[in-house]
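K.L.:
Sequence:
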Amino acid sequence: MVASARVQKLVRRYKLAIATALAILLLQGLVVWSFSVLEEDEPGEKGRQKKPRPLDPGEGSKDTDSSAGRRGSAGRRHGRWRGRAESPGVPVAKVVRAVTSRHRASRRILPTPPPEAPGRQNLSGAAAGEALVGAAGFPHGDTGSVEGAPQPTDNGFTPKCEIVGKDALSALARASSKQCQQEIANVVCLHQAGGLMPKAVPRHCQRAGKMSPGIQWDEVRAQQPVDGPPVRVAYMLVVHGRAIRQLKRLLKAVYHEQHFFYIHVDKRSNYLHREVVELARQYDNVRVTPWRMVTIWGGASLLRMYLRSMRDLLEVPGWAWDFFINLSATDYPTRTNEELVAFLSKNRDKNFLKSHGRDNSRFIKKQGLDRLFHECDSHMWRLGERQIPAGIVVDGGSDWFVLTRSFVEYVVYTDDPLVAQLRQFYTYTLLPAESFFHTVLENSPACESLVDNNLRVTNWNRKLGCKCQYKHIVDWCGCSPNDFKPQDFLRLQQVSRPTFFARKFESTVNQEVLEILDFHLYGSYPPGTPALKAYWENTYDVADGPSGLSDVMLTAYTAFARLSLRHATTAASPLANPLCRFEPRGLPSSVHLYFYDDHFQGYLVTQAVQPSAQGPAETLEMWLMPQGSLKLLGRSDQASRLQSLEVGTEWDPKERLFRNFGGLLGPLDEPVAMQRWARGPNLTATVVWIDPTYVVATSYDIAVDAETEVTQYKPPLSRPLRPGAWTVRLLQFWEPLGETRFLVLPLTFNRKLPLRKGKDLVPK
1 MVASARVQKL
11 VRRYKLAIAT
21 ALAILLLQGL
31 VVWSFSVLEE
41 DEPGEKGRQK
51 KPRPLDPGEG
61 SKDTDSSAGR
71 RGSAGRRHGR
81 WRGRAESPGV
91 PVAKVVRAVT
101 SRHRASRRIL
111 PTPPPEAPGR
121 QNLSGAAAGE
131 ALVGAAGFPH
141 GDTGSVEGAP
151 QPTDNGFTPK
161 CEIVGKDALS
171 ALARASSKQC
181 QQEIANVVCL
191 HQAGGLMPKA
201 VPRHCQRAGK
211 MSPGIQWDEV
221 RAQQPVDGPP
231 VRVAYMLVVH
241 GRAIRQLKRL
251 LKAVYHEQHF
261 FYIHVDKRSN
271 YLHREVVELA
281 RQYDNVRVTP
291 WRMVTIWGGA
301 SLLRMYLRSM
311 RDLLEVPGWA
321 WDFFINLSAT
331 DYPTRTNEEL
341 VAFLSKNRDK
351 NFLKSHGRDN
361 SRFIKKQGLD
371 RLFHECDSHM
381 WRLGERQIPA
391 GIVVDGGSDW
401 FVLTRSFVEY
411 VVYTDDPLVA
421 QLRQFYTYTL
431 LPAESFFHTV
441 LENSPACESL
451 VDNNLRVTNW
461 NRKLGCKCQY
471 KHIVDWCGCS
481 PNDFKPQDFL
491 RLQQVSRPTF
501 FARKFESTVN
511 QEVLEILDFH
521 LYGSYPPGTP
531 ALKAYWENTY
541 DVADGPSGLS
551 DVMLTAYTAF
561 ARLSLRHATT
571 AASPLANPLC
581 RFEPRGLPSS
591 VHLYFYDDHF
601 QGYLVTQAVQ
611 PSAQGPAETL
621 EMWLMPQGSL
631 KLLGRSDQAS
641 RLQSLEVGTE
651 WDPKERLFRN
661 FGGLLGPLDE
671 PVAMQRWARG
681 PNLTATVVWI
691 DPTYVVATSY
701 DIAVDAETEV
711 TQYKPPLSRP
721 LRPGAWTVRL
731 LQFWEPLGET
741 RFLVLPLTFN
751 RKLPLRKGKD
761 LVPK
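Numbering (UniProt numbering), first residue to last: 1 to 764.
Keep in mind that the hints were calculated from the coordinates and are not lab data.
Among the hints, erroneous ones may be present.
What the hints assert, rightly or not - Here are the simulated EDC-like pairs of lysine to aspartate or glutamate, each with C-alpha atoms no more than 16 angstroms apart in a straight line:
1) Lys533 with Asp598
2) Lys366 with Glu385
3) Lys714 with Asp701
4) Lys248 with Glu537
5) Lys631 with Glu735
6) Lys471 with Asp652
7) Lys267 with Asp544
8) Lys485 with Glu655
9) Lys654 with Glu506
10) Lys252 with Asp284
11) Lys252 with Asp518
12) Lys504 with Asp488
13) Lys533 with Asp597
14) Lys485 with Asp598
15) Lys252 with Glu338
16) Lys248 with Glu506
17) Lys504 with Glu655
18) Lys631 with Glu646
19) Lys248 with Glu278
20) Lys463 with Asp652
21) Lys654 with Glu709
22) Lys485 with Asp597
23) Lys350 with Asp452
24) Lys485 with Glu512
25) Lys504 with Asp652
26) Lys252 with Glu515
27) Lys533 with Glu512
28) Lys248 with Asp518
29) Lys504 with Glu515
30) Lys199 with Glu385
31) Lys350 with Glu409
32) Lys631 with Glu739
33) Lys350 with Glu448
34) Lys248 with Glu275
35) Lys463 with Glu655
Construct all of the structure, not just a fragment, from the sequences and the given hints.
P.N.:
Here it is as structure tokens:
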């Protein structure tokens, strides 16, 4: 009784604390229950994820030219295709998650017999085998880069076998068209039947192991006279985008009347193609391919383009070239044409290809050569594992090379099973141009002609360039070299080995390094040469039509024209001539990005206008300059670390800048806040996003280490964003460090059509 009374007394004394504890336990139970429900919706999702494999020690220090990074995870675990943590709730991610979960439950796709037409019989035996062989000949969909991961569709295709393997199932779940799904199913079925890949390939090289001799640069030997006539080069220029000014600069630097120039323009780059065709009309030794292909990064289409171009070059009457050199618009020479011709003339029988510099087994794994890939729907899909053909040495590295005419003829015209079977193997290979020519040469009778040097220097910085930035195009993590800047110029002055070209250069990122290189090669320009520090690049041309523009761009470009004409009218005197008052006619004729001294200076808009009074139509060019809104407010040592604060879209983690140079944003965009820091003590800052009605839309903390130079984050803002002037403020312990403002444009176009009063932004 005494004990019971004591318990009752304790309960009465601490009843509030006990009630609070019970409430906390109940709340925790509800949280655990809610997480368990989420896990049931995505069975096994988290349990299957593994930590990414760390980079091998020293990997980033090797100056290799292979673009392959580490192995991707789209097929190995579907978690890679989920929405990123920084932007939860994206509808596409939800759909992908639902589809991949459905396929996890089935783990296989059973063959579905197609409805039998009258008078036809089901295929069986040999006939079925012939149907599977047709997988390789299935009409391919258009290939090219995409903006995001393909959206899944229902399985409306007809597999010819029982498809197993998580890579193939993942690809089928994510493919966006029935045609691509059917192609994938055909390839997988043929591979499962053992009829796709060659088992063994003959080797004709008489020497065992890899051929990797090197040639050192010798200034004395370079000055010696050349025996025989100087060699002639066929340059294969593979270009895309809109940077015609930089392409003209490259062509001017490498042009010689004794050489030949063959230019392939990506099928998606219509503006650049028109400009290149007009340029080629001025020269007899410059031609543009009469056909065009869409080539994606890492895709089999790039190898097909090279092989077709080589055949064309061999069959052009009167083009007696000795060497084949491929270049992109981001390449540039580092030595003169005379030095290149003298060097190649002394090495007429050599083929120059850069090897990976690693042991073969490691290269095969990192390059994905032991995996089966197929290209369709603008994507390179990983479909499963495969075996390397027996009997050959597999090599690879860079897809930039210098090849002799005799070797090109061998690759294009030979009936040798070595070449035929390797073509079949590399049709289903990631980054095939980085390995096909290496492997053919090292196993051919001409294997001793290989020189392990592609005569280039590439600006690799794998810490920045290996960010899996191509995961929306390929099921793999790839790497890309960085752009050269003036501080990298010493790398361009290679003295130990012969290098004649370098990559990459982008005038929108840095043009000064090209000016330094030009001065180094050819001396200074004449005094008074105009536009040496200026650069402009087209973003819109009226011949392309509005289909290539987003609603945000259409809104901005038409607004630029209206605002410019209004400014011109208000700036004029009230007694000004009525013929000087104009109204815009239609969309702008063209829009260019304008840079001066490597700084973005705004947009140049060309607009057809009609005078308000009667008069002839005119064309005006308007210059729209950006207004800076950055305020640096901090005064302490830690606060002084902040150098800049920007908001934009199209963040490039490799070059650490926004590719949307003008910062044009609409309500449906997902902006990123980026901060640049000087070195200093560690700090933690708070980033606050404030909408035009002065409501805090979101806030978060960022940790800035002593060595950190750039921080960036895309917050999960609710869309559509409220149009108007937004503010991003940076705080430390609630003391302001800096702030910037950016504009979210109210759209006047929806799906390329002007919005009318009373119409919804998104049609119901």
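K.L.:
So, for every hint listed, does it hold in this structure?
P.N.:
Status of the hints after comparison with the structure:
1. Among the hinted pairs, Lys533 with Asp598 is consistent with the structure: their alpha-carbon atoms are about 8 angstroms apart, no more than 16 angstroms.
2. A distance of roughly 13 angstroms separates the Cα atoms of Lys366 and Glu385; the hinted pair therefore holds under the 16 angstroms criterion.
3. At most 16 angstroms may separate the alpha-carbon atoms for a hinted pair to count; Lys714 and Asp701 meet this at roughly 12 angstroms.
4. As the CA atoms of Lys248 and Glu537 are separated by approximately 12 angstroms, the hinted pair is consistent with the 16 angstroms bound.
5. As the CA atoms of Lys631 and Glu735 are separated by approximately 14 angstroms, the hinted pair is consistent with the 16 angstroms bound.
6. Restraint check: the Cα-Cα separation between Lys471 and Asp652 comes to about 14 angstroms, which is no more than 16 angstroms; the hinted pair holds.
7. Taking the CA atoms of Lys267 and Asp544, the gap is near 13 angstroms; set against the 16 angstroms cutoff, the hint holds.
8. Restraint check for Lys485 and Glu655: satisfied, since their Cα atoms lie roughly 11 angstroms apart, inside the 16 angstroms limit.
9. Note on Lys654 and Glu506: the hinted pairing holds, with a Cα-Cα distance of about 13 angstroms set against a maximum of 16 angstroms.
10. Restraint check for Lys252 and Asp284: the C-alpha separation of about 15 angstroms stays at or below 16 angstroms, so the hint holds.
11. Our distance criterion of 16 angstroms between C-alpha atoms is met by Lys252 and Asp518, whose separation comes to about 11 angstroms.
12. With a C-alpha separation of about 11 angstroms, the suggested pair Lys504 and Asp488 falls inside the 16 angstroms cut-off, and the hint holds.
13. Restraint check for Lys533 and Asp597: satisfied, since their Cα atoms lie roughly 5 angstroms apart, inside the 16 angstroms limit.
14. Only pairs whose Cα atoms come within 16 angstroms are accepted, and Lys485 paired with Asp598 is accepted, the gap being roughly 11 angstroms.
15. Taking the CA atoms of Lys252 and Glu338, the gap is about 15 angstroms. The hint holds against a cut of 16 angstroms.
16. Restraint check for Lys248 and Glu506: satisfied, since their Cα atoms lie roughly 13 angstroms apart, inside the 16 angstroms limit.
17. Note on Lys504 and Glu655: the hinted pairing holds, with a Cα-Cα distance of about 11 angstroms set against a maximum of 16 angstroms.
18. Distance restraint check for Lys631 and Glu646: the Cα-Cα separation of roughly 11 angstroms lies within the 16 angstroms cut-off, and the hinted pair is therefore satisfied.
19. Simply put, Lys248 and Glu278 have alpha-carbon atoms about 12 angstroms apart, close enough for the 16 angstroms limit, and the pair holds.
20. For the given pair, Lys463 sits about 14 angstroms from Asp652 by alpha-carbon distance, which is consistent with the 16 angstroms threshold.
21. Taken as a hint, the Lys654 and Glu709 pair is honoured in the structure, with Cα atoms around 13 angstroms apart against an allowance of 16 angstroms.
22. A C-alpha spacing of about 13 angstroms is found between Lys485 and Asp597, which places the hinted pair at or below 16 angstroms, so the restraint holds.
23. Restraint check for Lys350 and Asp452: the C-alpha separation of about 10 angstroms stays at or below 16 angstroms, so the hint holds.
24. The suggested pairing of Lys485 with Glu512 holds, with an alpha-carbon distance near 7 angstroms, which does not exceed 16 angstroms.
25. About 15 angstroms separates the Cα atoms of Lys504 and Asp652, which keeps this hinted pair within 16 angstroms; it holds.
26. Restraint check for Lys252 and Glu515: the C-alpha separation of about 14 angstroms stays at or below 16 angstroms, so the hint holds.
27. Proposed proximity of Lys533 and Glu512 is supported: the alpha carbons are some 8 angstroms apart, at most 16 angstroms.
28. With a CA separation close to 14 angstroms, the supplied pair Lys248 and Asp518 stays within the 16 angstroms bound.
29. Distance check on the hinted pair: Lys504 and Glu515 sit about 15 angstroms apart at the alpha-carbon level, within 16 angstroms; holds.
30. Note on Lys199 and Glu385: the hinted pairing holds, with a Cα-Cα distance of about 14 angstroms set against a maximum of 16 angstroms.
31. Restraint check for Lys350 and Glu409: the C-alpha separation of about 14 angstroms stays at or below 16 angstroms, so the hint holds.
32. Note on Lys631 and Glu739: the hinted pairing holds, with a Cα-Cα distance of about 5 angstroms set against a maximum of 16 angstroms.
33. A C-alpha spacing of about 8 angstroms is found between Lys350 and Glu448, which places the hinted pair at or below 16 angstroms, so the restraint holds.
34. Proximity of Lys248 to Glu275 is assessed by CA-CA distance (about 10 angstroms); at most 16 angstroms being required, the pair is judged to hold.
35. Distance hint between Lys463 and Glu655 is fulfilled; the C-alpha atoms sit about 11 angstroms from each other, no more than 16 angstroms.
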